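Just so you know, the protein sequences line up as chains Y and U, in that order. Taking the UniProt record's numbering, the leading residue of the first sequence gets 1, the next gets one more, and so forth. Taking the UniProt record's numbering, the leading residue of the second sequence gets 1, the next gets one more, and so forth.
None of these hints come from the bench; they were simulated from the model. Remember, it's a predicted structure, so these values are computed and weren't measured experimentally. Incorrect hints may have been included.
Derived, one-sided and incomplete: chain U residues facing chain Y with beta-carbon distance under 7 Å [unchecked claim]:
#1 168
#2 172
#3 174
#4 175
#5 209
#6 213
#7 215
#8 217
#9 220
#10 222
Ideal placement from N, C-alpha and C gives every residue a C-beta, glycine not left out.
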Amino acid sequence: MMLVVALGAIFFYLPVMKDSAGNVLDPSFNIFYFHMPIAIVAYLAFFVVFVSSILYLRENDSKWDMVSLSAAEVGVIFAFLVLATGSIWAKDIWGWYWVWEPRLTTSLVLFLVYVGYLMLRTALDDPLKRARLSAVFGIVAFVSVPLSFLSIRIWRSAHPLMFGGSLYGQDGGGLEGSSLLLVLLLNMLAFVMLFISLTSFKFQNEKLGRELEMAKGR
Amino acid sequence: MLKGLNIAFKDLKIESRAREIFISMVVFSLLVLIIFSIAFSNLLSSASKTATVASGVLWICFIFAGTLGLNRTFATEVQNGCMDALKMCPIPRNSIYLSKVIFVFLLMLLVEIITIPMFSVLFNYQFTAIIWVGIVILLGSFGFVVVGCLISALVIRARAGEMLLPVLLLPLSLPVIIPAVSATSGLLRGEDIFSLMSYIRLLVVYDFVFFAVSMLVFEYVVED
Chain Y
1 MMLVVALGAI FFYLPVMKDS AGNVLDPSFN IFYFHMPIAI VAYLAFFVVF VSSILYLREN
61 DSKWDMVSLS AAEVGVIFAF LVLATGSIWA KDIWGWYWVW EPRLTTSLVL FLVYVGYLML
121 RTALDDPLKR ARLSAVFGIV AFVSVPLSFL SIRIWRSAHP LMFGGSLYGQ DGGGLEGSSL
181 LLVLLLNMLA FVMLFISLTS FKFQNEKLGR ELEMAKGR
Chain U
1 MLKGLNIAFK DLKIESRARE IFISMVVFSL LVLIIFSIAF SNLLSSASKT ATVASGVLWI
61 CFIFAGTLGL NRTFATEVQN GCMDALKMCP IPRNSIYLSK VIFVFLLMLL VEIITIPMFS
121 VLFNYQFTAI IWVGIVILLG SFGFVVVGCL ISALVIRARA GEMLLPVLLL PLSLPVIIPA
181 VSATSGLLRG EDIFSLMSYI RLLVVYDFVF FAVSMLVFEY VVED
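Excised from the complex, chain Y in its bound form (with noise of 0.2 Å):
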């Protein structure tokens, strides 16, 4: 069943590139379609981090430490694409790979600070206690998404706003005609299913670890 979702990911997301091919920007813009998603998706896995991580303490279950694990390590990569394909347009668009500013600064913590989250968790060896203790950084470290997504709103920033306005009057660029705006939506579905697919692969496997070392303790 997953299988089927990811490979409809893939098919939804081939003819995605051909569709954008024709608009009037600069061809490298085509790389907002992944980007975008990327972006919102690694925002999702944070998300999802964070409630699992309170439902872990709320309720003890050893189920929500291995979604937030899951949730988190698909986020980091998914963080580290951000960063990637942002890179790349920029060194097309800017001519640097990467400029200090708010949003990519922003950016590159967010990233940091789960990789700090995995690295506690490799760190603690006591199952129960890495459990708790990387919940409650899961649910510190949320705190950070807001600022990296409200950043190009709060300050004056470099990196381009594609909706809604910022408090500076630089008014977001929008995405002429339809047609662009459905291979986006189309493209965001295609990263949410891979993001909920590669979670659920994750965690699978990581329950059929616990279950092995469960049996193996035997």
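Given the structure of chain Y, go ahead and fit chain U onto it with the hints provided.
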């Protein structure tokens, strides 16, 4: 709240006798200052150039010294099972956290009070708007300590916890550090405080948010 103050008072009493954490924080902070002063020695002739590096240098001193202090706060409690004794006390668990925040915050303030005049001397720099700079530094240090105490309690149970602390703490406390550094450098460059209000607002909001979240989750950190 009052019980938290009691524990903080106990920590301060120990510290005032042994002075091991405080001395190393101050010396470390001054060493960092001296290194920067050597590295930037050719900038020192012009006050405007010094103003641009000042906030960065100062905050690096504070944060490094603070991390040093945070490393030791819970380490002293773990020795001889003091933490278990504290947990057995008929007090809410939060007040242990609160006491540590008060303790490290006071230590950091003392370090800052010593570092800032030393900066003035070494960099030949005259501070302007010192009251506002002070308020920004207070807010920034508070936010840093609030996150730091939670992470410090967290990593004390981990392998290689002392190495893990800066790795986890620095990115996590950045929502406090960024506005603090930006506001400080704005003030030192002679900008009006009202033009920097967005940073101050962010700083205050994150102080509150981090403090509230930490108070809520601290119980789970020490439970076992």
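Is the interface hint for residue 217 of chain U satisfied, with its Cβ closer than 7 Å to some Cβ of chain Y? holds (5 Å)
Does the CB of residue 209 of chain U sit less than 7 Å away from some CB of chain Y? Holds - the Cβ of residue 209 of chain U comes within 7 Å of chain Y, reaching about 6 Å at its closest.
Taking the least C-beta to C-beta distance, is residue 215 of chain U closer than 7 Å to chain Y? Result: violated, 11 Å to nearest chain Y Cβ.
Does residue 175 of chain U hold up as a contact with chain Y if the rule is Cβ-Cβ below 7 Å? Since chain Y brings a Cβ to about 5 Å from residue 175 of chain U, closer than 7 Å, the hint holds.
Is the interface hint for residue 174 of chain U satisfied, with its Cβ closer than 7 Å to some Cβ of chain Y? holds (5 Å)
Under the criterion of a CB-CB separation shorter than 7 Å, is residue 213 of chain U in contact with chain Y as hinted? holds (6 Å)
Hinted contact residue 222 of chain U with chain Y - closest CB pair below 7 Å: Not OK, violated: residue 222 of chain U not within 7 Å of chain Y, min 10 Å.
Checking hints one by one. Is residue 220 of chain U an interface residue toward chain Y, by the C-beta closer than 7 Å rule? This interface hint holds because 5 Å falls under the 7 Å limit.
Would the hint on residue 168 of chain U stand, with a C-beta cut-off of 7 Å toward chain Y? OK, holds: residue 168 of chain U within 7 Å of chain Y, min 4 Å.
Close enough to count: is the Cβ of residue 172 of chain U nearer than 7 Å to one in chain Y? holds (6 Å)
When each numbered hint is compared with the structure, violations occur for hints 7, 10.
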